[in-house]
Amino acid sequence: DIQLTQSPFTLSASVGDRVTITCRASQNIVTNWLAWYQHKPGKAPKLLIYKASILESGVPSRFSGSGSGTEFTLTISTLQPDDFATYYCHQYNSGFPWTFGQGTKVQIK
Amino acid sequence: QVRLQESGPGLVKPSETLSLTCNVSDASVINSYWTWIRQPPGRGLQWIGYIYHTGSTTYSPSLKSRVSISIDTSKNQFSLNVSSVTTADTAVYYCARFNYLIYAIDVWGPGTTVTVSS
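These protein sequences, in sequence, are chains A and B. FYI, the numbering used here numbers position 109 of the first sequence as 109, with every residue one higher than the one before it. FYI, the numbering used here numbers position 31 of the second sequence as 31, with every residue one higher than the one before it.
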């Protein structure tokens, strides 16, 4: 299996801050099929980014993704009140089971 | 806009089988991949498995021996069975669509809570 390790586990930040979350894979993710989701309590997860850096339609441009191979990042350029949530990375690699990162909780400082 | 809705018992006894159904609205289950994901209390998202409309399936290795996913194209729905459940199977269960054009899960159901308890 490809393991995904996110860091940090918890992040305390203020509105207006720039936030970066890292997702490291135990093996190379060929074709960079890595996605990022936002998850709030009591709601379904929401797709933010796919193929490492492509913004899903309707997602604010303050969200961006980058990376390739085994290291990927999600950046929120200017944190908004609505962005306090848990964020997960997820990989699809042909021939391997899907996996999610363990999640990064972005909380109010 | 594709909509998904999970349904099934909210309480299951240990050693019994957990069964959930996902009804798909405003889209056909044909020519798409459909998946189940769960979140145990206080933990992260855990992928369970997926199915293609042909009935081809892939499961998480950690659950493979107890999980079965099926699809009914005539009813436009797909289902999950987890056998021999324990309290560790208590979770919010989500059904979702895997969009193979972008290789990401782009539509999710609202989730349903299943508690395993006697």
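Just to be clear, a hint being listed does not mean it is correct.
Each pair of labels, with its calculated beta carbon distance range [stated by the list, open to error]:
| id | chain 1 | residue 1 | chain 2 | residue 2 | range |
| --- | --- | --- | --- | --- | --- |
| 1 | A | Ser7 | B | Leu11 | 30 to 38 angstroms |
| 2 | B | Thr73 | A | Thr22 | 17 to 25 angstroms |
| 3 | B | Ser15 | A | Ser7 | 20 to 28 angstroms |
Restricting the straight-line Cα-Cα distance to at most 20 angstroms, the calculated cross-link-like pairs of lysine to aspartate or glutamate (DMTMM-like) are [as the list claims (entries may be wrong)]:
| id | chain 1 | residue 1 | chain 2 | residue 2 |
| --- | --- | --- | --- | --- |
| 4 | A | Lys46 | B | Asp72 |
| 5 | A | Lys46 | A | Glu56 |
| 6 | B | Lys64 | A | Asp17 |
| 7 | B | Lys64 | B | Glu16 |
| 8 | A | Lys51 | A | Asp82 |
| 9 | A | Lys46 | B | Asp106 |
| 10 | A | Lys109 | A | Asp83 |
| 11 | A | Lys105 | A | Asp17 |
| 12 | A | Lys46 | A | Asp1 |
| 13 | A | Lys51 | B | Glu16 |
| 14 | A | Lys43 | A | Asp82 |
| 15 | A | Lys43 | A | Asp17 |
| 16 | A | Lys109 | A | Asp82 |
| 17 | A | Lys40 | B | Asp26 |
| 18 | A | Lys46 | A | Asp83 |
| 19 | B | Lys64 | B | Asp89 |
| 20 | A | Lys40 | A | Glu56 |
| 21 | A | Lys43 | B | Glu16 |
Worth flagging that the hints you see were computed from the coordinates, not collected in a lab. C-beta: ideal position from N, C-alpha, C; glycine also.
Name the hints, by number, that the structure is in violation of.
Violated: hints 2, 3, 4, 6, 8, 12, 13, 15, 17 and 21.
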